[in-house]
Amino acid sequence: MSLMQLDRRNFLKSVAMATATAAAHETFAATTNDVSLPQLDPKVTDPPAIDGVVWDKAPCRFCGTGCHVMVGVKNNRVVAVTGDRHAAVNKGLLCVKGYHVGSILYGQGRLTQPLLKTDTGYKAISWEEAIKVIAKRIIKRPKTFAIYGSGQWTIPEGYACQKFIKGGLANNHIDPNARLCMASAVTGFIGTYGVDEPAGCYDDLDAANVIITWGNNPAEMHPVLFSRFIDRRSRGEKVTLIDIGTRRTRTTEQADHYLCFNPHSDLAIANGIMQQLIENDTFDKKFVEQHCNFRYQVDPKKPGLKGAPSTFEAFKKAVAEYTPERVEEISGVPADKIRMLGKLFGRRDIRITSLWCMGMNQHSAGTMINNLVHSVHLLSGHFGRPGDAPTSLTGQPSACGTAREVGTLAHALPGGRLVKLKAHRQHCEDIWNLPRGRMNPKPGYHTVKMWEAFCTPTDQPGGDIDTIWVQVTNPGQTLPNLHKLFDPKANLKDKFLIVSDVYPTATTQLADLILPAALWVEKNGMFGNSERRTQQWFRQVTPPGQARDDCWQVIAVARAMFDMGHEGMRDKDGKFIFETKDDQGSEVPIWEWENYYGKVNVDEALFEEYRKFTRLKHKDLAPYSEYVKAHGLRWPVVQQPDGSWRETGFRFSGFDDPYVGKDASGKPKEFDFYHSTTKDGRAQIWHYPYLDPPEMPDATYPFWLCTGRVLEHWHSGTMTRRVPQLARAVPRAYVEINPDDAKAAGIAQGSPVKIESRRGSIVLPARINGRGQPPRGSIFVPFFDETKLINNVTLDVTCPISKEPDYKKCAVSIMPVSTSKG
Amino acid sequence: MPISGLILTLSSNSEAAQTALDKCHADPQVQVGEFVGPRRCPITLDTNNPEEDKVSWQRLQDDPGIDFVDVVCVYFDEDEKAEDSTVQVPASHSGTMALAD
Amino acid sequence: MSEKPDKFSRRDFLRGKILSRFVDVSTRSLQAKGEQIANVAAQYAAPDHLTEPAQQTQRQSGSGTFPVIRVPGAIQESKFLAQCTRCGDCITACPHHAIVLAPPSFRQAAGSPMINASQQPCLMCENFPCIATCPEGVLQPIDKGLKYKIADARILDYNCLNGTGRAAEQCSICIEQCPELGAIVLDNGMPSVVNDKCTGCGICHYACPAPTNAIAMMPLLQRPVTLTVGNIPHDS
Ligand code: SF4
Ligand code: SF4
Ligand code: SF4
Ligand code: SF4
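Residue numbers (the working numbering), protein chains in the order written: chain H, 1 to 822; chain L, 823 to 923; chain C, 924 to 1159.
The shape of chain H in the complex, shown without the other chains (with noise of 0.2 Å):
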C-alpha cells in the first residue's frame, strides 16, 4: 500500500470510529441502560440466544394488521424487539412503528399512580381508594354511569367490562371508540350478509389481480399488508393497483390508475360500475340468480338496518340513471374510468379485491357505500374465491377482536347477539349465570350520544351520564366536534371523568380520577385483527409504579360493589360474577393485585368463558391454549376428529367454510350465506341512491377538510410521539394544501394557515406536495398531534345507521397567518 493510500484508509478509519464514537454517545444519552441490540435479518433468523435476554411472540400493538413481534426481554425490562418470521400475517416484516413499538413502553411521564383530583389539583391515592371512589359513585348512581371503551381493549378486558356493566350493572351505556371507526363496516357487513366481519382474509392479496382501494391508504395504514402485494410485482407478478381516492397518497404512487372523486361521491361510482355490468350484460347471473336477493330503502333518507326487499328489475331502474356521464358529474371521475371499472367487474376471468378503511367507513352514508360496494362484488361474482373479495381493514389492533365480537356497543351482546333480542339476553343470563330477566333490553348510547349526555347538565334533558370511565382510548383527542362533545365537560361540576391511561392524555386532563395502566406486554393480553385472526400473548415485564391491568381495575371494582352488597355483582347463587377457581377448585381472590397474576391466568379463565358465546354466529375459537402455540387463528376455528383445530380463511365458500351448507349430493355448496338477513342462504345486493352529504363546501367556508393518519404515528399520538425516532421522523400535525390553492390564498410552504369551520378553528404550518396530494379545493390534516386539536373543526354528524361520525368531510375556510408581529 503506497503511503497515499496508507493515509486514506487511516482518515476513513477515524471518521468510522468518529461516527461510531458519536453514535455510542447518542444510544447512550437515549437509554438509561447500555444494552443494545444485534443486527440480524427476522425474515431468515430467529432471534438470537443472547445471555440474559428471554424472547416471546406479541402481536403488535398498534394497527389492525396484526403483525407479530418478537419480543425480547431483560431484566423485567424489553430490550429488543424483532420482526416474527413465523407469522403468517407478516412473515417477520414490520413498518417503521412495529420496530419501535418496544420504547412505548418507556416513554416520558408514564402513569404509575391513582390520581384524584382535588380542589387544588391531583392528588395521589392508593388503589384501594380509588376503587373505591369508583363504586361508591356507580353504587349511588348506576343508571347513569357508561364506559368508554376501545378496538384497543384485549379480548378479555372488553369481554369484563361487557359483563360488568350488561350483566351485572344492567345499564347498557357501553361503546368502544371502533364505534369511530369501523362500525358502518359492521353495519355493511350486517346488512349484506346477516353477520359481521370479513369473509375474505390476507391470502385474498396473494391471489388478486385486481386490488381497488377504496379512500384507502394501506401504504401508510396497513403497510405491510399493501406490500404483501406490491412485492408480487417485483416477483413478476401483474398486479394492478386502482385507488380510488379524494387526494393523492403513497398509494396512489404505486397505482396504475388513480381516479380522483368528489368527497362523498363514492356512493356514485358503485352504482355506475353496477349500472355498466346491468348495460353490458356483464354481471354474473348465475351468482346473483342462487345467492343474492335485492335490497332497498324504502325511504333513503331514514334508512333502516335491514332495508326492504326489493327486485332485479326495481334494482335495474334504480342504477339506470347511474350512466359513467352522469357518474362523471357528481364524482368528477372521467367517464372513460367508470367504463374501465365497468369492465373490470365485467370479467370473470381476473380476480378482483375491494379494500377499504376510514374513508368508506367514516362516512355519513357509511352503511350505505359499505352495502354498494358489497353489492358491486356480489353483483359481478367476484366473491368467495380467493383473490375475489370485498375487504374491509381495521384501523386498531382488536376492533374485531373486541369490539366487534365481544360486542362491546351499546346495543350488543357477546358472539354477534343483541341486547334488544330476548333470546339473545337470556343467553347471557344462563351463560353468566344470572337471574332471569336481569338485563335490560334497552340499548345503551352510541358514542356520540354518550359524550353529548355527558356534556349536557345533569339536570336538564339529555343529561344523563353524569360518569364515564375511559380505557385504552382518548377521546379528549379523538372525538369530532371537541367544542361540543367534550369540553363542556370542564364546566360541569357534578360529571365524573375516570380515565384509565398510560400517559397523561388530552382526555386526562379533563379527568377527576386517572388510573394508571399496565400496556401491552405488561399484562397478558389476546387481540383479533382484520381478517379474524386472534392472538394471544403473555404478560413479559411487569409495569411502572403502580400501574395495574384494565382488567384487573374492573374486577376491582366489581368486588367492591359486590362487598358493598350490590346485587348485580352477584350471580342467581350469591356468587361474584368474576368468581375465578384454580385447579383445585378453591377461589382465588383475583381482586387482589397480589393474586392476579398468580395461581390463574385471568386472561384464560375469562377467554373460555367467552368462548361459549361464540357459535351463535359460527365464529367458533379454540381453546385458550390453541391460541398459546399458534400466531393467531381465522375463525371460525372448529376442531377436527383427529382432535386438532382448523381455522377458515374464506367463509361462506363451500371449498373452506365448514358450515357452508350441503347440496343434494351432500357435498358442500359453492358458496352459502348462512346467516342470511332473508334465511335462505342469500347475501343482499342493495341499491341506494347518491344523496348529498349534510355539509357541503360553500362561499363561507370553501374548502373540503378530510383528516386522517400518518404511518410514523398511532392515532392520537399519545405512545407514537413519545418514542423520539417516530417523533423526530413527524413532529408536527400540518395542513396539505393543493399548490394551486396554496398560490391562489397566498399561502407559502410552511407557512401558518388557519383552519376555520362553523365549530371551529386551529393553525398549522402548510405543507405543499407533501406525500400526500389534495386535489383543489380539499385540505387534510392529519390527527395525532395533541397540541394541535383539528377535531375542535370536524363535523359531528354521524351515519344514520351506525352513527359513526363522519371525519373525513366537513367545509372549511383557509387563511394565512400573517407571522409578522407589526
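There's no promise every hint is true.
For each label pair, taking beta carbons as the anchor points, the in silico distance ranges come out as [unchecked claim]:
id, chain 1, residue 1, chain 2, residue 2, range
1, C, Q999, H, E237, 54 to 60 Å
2, H, A490, L, N835, 54 to 60 Å
3, C, P1102, L, S834, 41 to 47 Å
4, L, S834, C, P1027, 40 to 46 Å
5, C, P1018, H, V817, 19 to 25 Å
6, C, G1011, H, Y122, 36 to 42 Å
These are computed hints drawn from the structure, not numbers from a lab. All C-beta atoms, glycine included, are put in the ideal place defined by N, C-alpha and C.
Position chains L and C with the ligands relative to chain H; hints supplied.
Relative to the frame of chain H, chains L and C with the ligands by itself:
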C-alpha cells in the same frame, strides 16, 4: 475493503468482558475507541473484503464477553471490487430495534 | 419497460444480488473524493491508536485527532483547534442549542465546540448568531449567495428502511425534512444525497426513523467549504 464503525456492548460479566477487550486490542483488524459509559465501546474494523468483515463481525457477535454488536457505518475503500455478487454485505441487517434496558 | 432496470427488490438485497449496486453507491462519493481525501488526510495527524502496534494500545490511552462536525463558518481544522479559545460564546449564542462541547471520547477535539446532529441539528439560522458572536474569528462569515457547508450526509443503505428488506413501507422522512431542495433524491427507491446541495445540517440524520439510524454525518475533509445558492444573485 470495508472499514466499519461498530459499537460493542460488553457483557456485565467483567472477566469475560476484559478477555474480549484484550482480544480486540490484540487484533490487528480492530481499533478500540474510547468507552462511553461502562460497557459501550466504539471500535473500527478494517478488513480486506466483505467476507472477512462478515467473519470478524460474527466472531465479535459470538464472543461471550460481548453482548451486542451495533453496526454504525461501513465505508468501502475505492478499490473495492464491486463485481463479486456472491458475498453478502457483512453485518448489514438492521431489522431489529434496540431498546433501553 | 424492459430497458428500465429491474425495480429494486428488498428480497434481492438479502440474497446479495444488489450488493454490487450497494457497493457502487457506497463508493461513488468516495471515488469522486479520492484525490481530495489523499490530499487532506495529512491535515489530521494519524491517530496513534491507528498506527501503533496494536498490542501496545491500552484502554483510554488513545490520542490523535477526531474529525468532528464544526459550527458553520469554522476555519481549517488545525487552525481552528489552535485558535478557538473554548470561550463558549457560540454555544450561548445558538438559539437552538445545536452546539455542544466535544466530549472526552473525541480525544484532541475534546472541549471544543461541535455539532452533534443526533441531539440537535444545526438549523442554519438566517443571521448565524454563532458566527456573529465568535470573538476569535475562527468562525468566519461568507458572502451572500453562498451557503455554509459543515458536513456531508451519507445514506447508509444497509440501515435505511427502504433497503434493509424488512420495513414494509417506502420511507421518505429524510427527503421530507431536508430543508435544501434537491439535496436528497430518490434513486431507484433509495434515498441518495446530492453532495453539492447538502449543507450538512444534519436534520435528515436527526429525523431518520430507521431502527439503526441510516444517515451518517461525515465531517468535512476540508474547510471552509461553501455552496453557491442558485438563482439568488442579489438578496435584497
Ligand atoms: S403498525 Fe400495523 S403494519 Fe406496522 S408493524 Fe404494527 S401491526 Fe404491522
Ligand atoms: S446556524 Fe443557528 S443553529 Fe446552527 S450553530 Fe449557528 S446559531 Fe446554532
Ligand atoms: S441532506 Fe439535507 S437535511 Fe441532510 S444534512 Fe444535507 S442539507 Fe441537511
Ligand atoms: S429517513 Fe432514514 S430510513 Fe427513511 S428513507 Fe431516509 S435514510 Fe432511509
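For each hint, the structure was consulted:
Between Q999(C) and E237(H), the C-beta spacing of about 56 Å keeps the proposed range 54 to 60 Å intact. Checked against the hint of 54 to 60 Å, the C-beta distance between A490(H) and N835(L) comes to roughly 56 Å, which is consistent with it. P1102(C) and S834(L) have their C-beta atoms about 43 Å apart, which keeps the hinted 41 to 47 Å range intact. In this structure the hint that S834(L) and P1027(C) lie 40 to 46 Å apart at CB is violated, the actual value being about 23 Å.
In this structure the supplied range 19 to 25 Å holds for P1018(C) paired with V817(H), their Cβ-Cβ distance being about 22 Å. A hinted range of 36 to 42 Å for the beta carbons of G1011(C) and Y122(H) is consistent with their spacing of about 40 Å.
Hint violations for this structure: number 4 only, all remaining hints satisfied.
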